[in-house]
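*Asks:* In the working numbering, the protein residues as written are 2 to 257.
Hints should not be assumed to be uniformly reliable.
Label-pair restraints from in silico Cβ distances [as the list claims (entries may be wrong)]:
#: 1; residue 1: Leu245; residue 2: Leu92; range: 22 to 30 Å
#: 2; residue 1: Ala249; residue 2: Asp41; range: 16 to 24 Å
#: 3; residue 1: Phe62; residue 2: Val241; range: 22 to 30 Å
#: 4; residue 1: Pro121; residue 2: Phe149; range: 13 to 21 Å
#: 5; residue 1: Arg138; residue 2: Gly7; range: 46 to 54 Å
Simulated from the structure, these hints should not be mistaken for laboratory data.
Virtual Cβ for every residue (Gly too), placed ideally from N, Cα, C.
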Amino acid sequence: MAILHGLVMFAAAFTAGIMNSIAGGGTLITFPVLLWLGLDPKVSNATSTVALWPGLFSGFFGYRREIENSRSMLVRLGITGVVGGGLGAWLLILTPSATFAFLVPFLILFATALFTLQVPITRWLGTGAPAERPRARWWMGAIIFQFFSSIYGGYFGAGNGILMLAALGLLGLSDIHRANGIKNFLGICINFIAIIAFILAGLVFWPDALLMAVGAICGGYFGASTARRLGRVFVRRAVVLIGLTIGAVMLFRLGR
2 MAILHGLVMF
12 AAAFTAGIMN
22 SIAGGGTLIT
32 FPVLLWLGLD
42 PKVSNATSTV
52 ALWPGLFSGF
62 FGYRREIENS
72 RSMLVRLGIT
82 GVVGGGLGAW
92 LLILTPSATF
102 AFLVPFLILF
112 ATALFTLQVP
122 ITRWLGTGAP
132 AERPRARWWM
142 GAIIFQFFSS
152 IYGGYFGAGN
162 GILMLAALGL
172 LGLSDIHRAN
182 GIKNFLGICI
192 NFIAIIAFIL
202 AGLVFWPDAL
212 LMAVGAICGG
222 YFGASTARRL
232 GRVFVRRAVV
242 LIGLTIGAVM
252 LFRLGR
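Can you build the whole structure from these sequences, using the hints too?
*Replies:* Printed below as a string of structure tokens:
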């Protein structure tokens with residue numbers, strides 16, 4: 002059984018690494034798997050965050066050519082991500098486990114909705130901003146949006162990649178590969194301080210986290226290297242189906 006659990010965790014993390022590199026939503030895979038393996042909801046969330054974090058580095062490295070001229074975005078939004086992510090992690094630590102368990106189905110369904118509506122959200126928020134030299138008001142809007150999405154990312158995180166892509170849309174960024182590279186960097190920043198907080202709070206189950214981290218690294222680099230050749234339609238539909246199914250099942254159990 003231990004071998005089976007290990008294979009399931011590795012496969013989930015590998016898949017999540019691919020998803021995070023291409024479109025986001027990897028937490029919708031790893032978090033339910035950890036719940037299924039019997040971990041507390043808060044521990045599952047923290048362990049999933051730690052496990053998927055290294056995969057963001059490999060995804061970021063895979064897009065390194067696309068983000069060579071994005072230093073201004075990386076610095077401004079990265080600092081915002083660190084502050085917001087730390088605040089979100091602090092809120093999670095303060096949340097009682099029973100309360101978080103109650104919120105989980107709604108968070109999963111919310112994240113799935115964000116994932117489903119990524120294109121119209123990004124298109125709607127991205128209208129009007131110049132692509133290369135955004136004005137001050139667009140920078141302010143993007144930073145504020147990124148701050149609140151970072152709080153959500155530090156607290157739960159599933160679907161936060163869609164929110165980050167929306168923030169980049171405010172700056173008129175239309176190149177999806179460049180946007181994905183910046184998104185991976187922002188995910189690194191958001192989860193950095195959150196991971197420190199989770200470790201200090203003793204919320205990380207290390208045996209699972211370390212094994213899944215290896216899978217996430219492999220999946221993250223594989224996803225980045227193949228994203229230019231593979232269509233995203235199948236992946237997106239699979240994520241939406243999984244998210245809706247898991248959210249509905251957990252909501253049903255909550256009402257029993």
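*Asks:* For each hint, tell me whether it holds in the structure or not.
*Replies:* Outcome of the hint check:
1. Leu245 / Leu92: 22 to 30 Å: holds, 26 Å
2. Ala249 / Asp41: 16 to 24 Å: holds, 22 Å
3. Phe62 / Val241: 22 to 30 Å: holds, 28 Å
4. Pro121 / Phe149: 13 to 21 Å: holds, 19 Å
5. Arg138 / Gly7: 46 to 54 Å: Hint holds: Cβ distance 51 Å, inside 46 to 54 Å.
When held up to the earlier numbered hints, the structure conflicts with none and fits them all.
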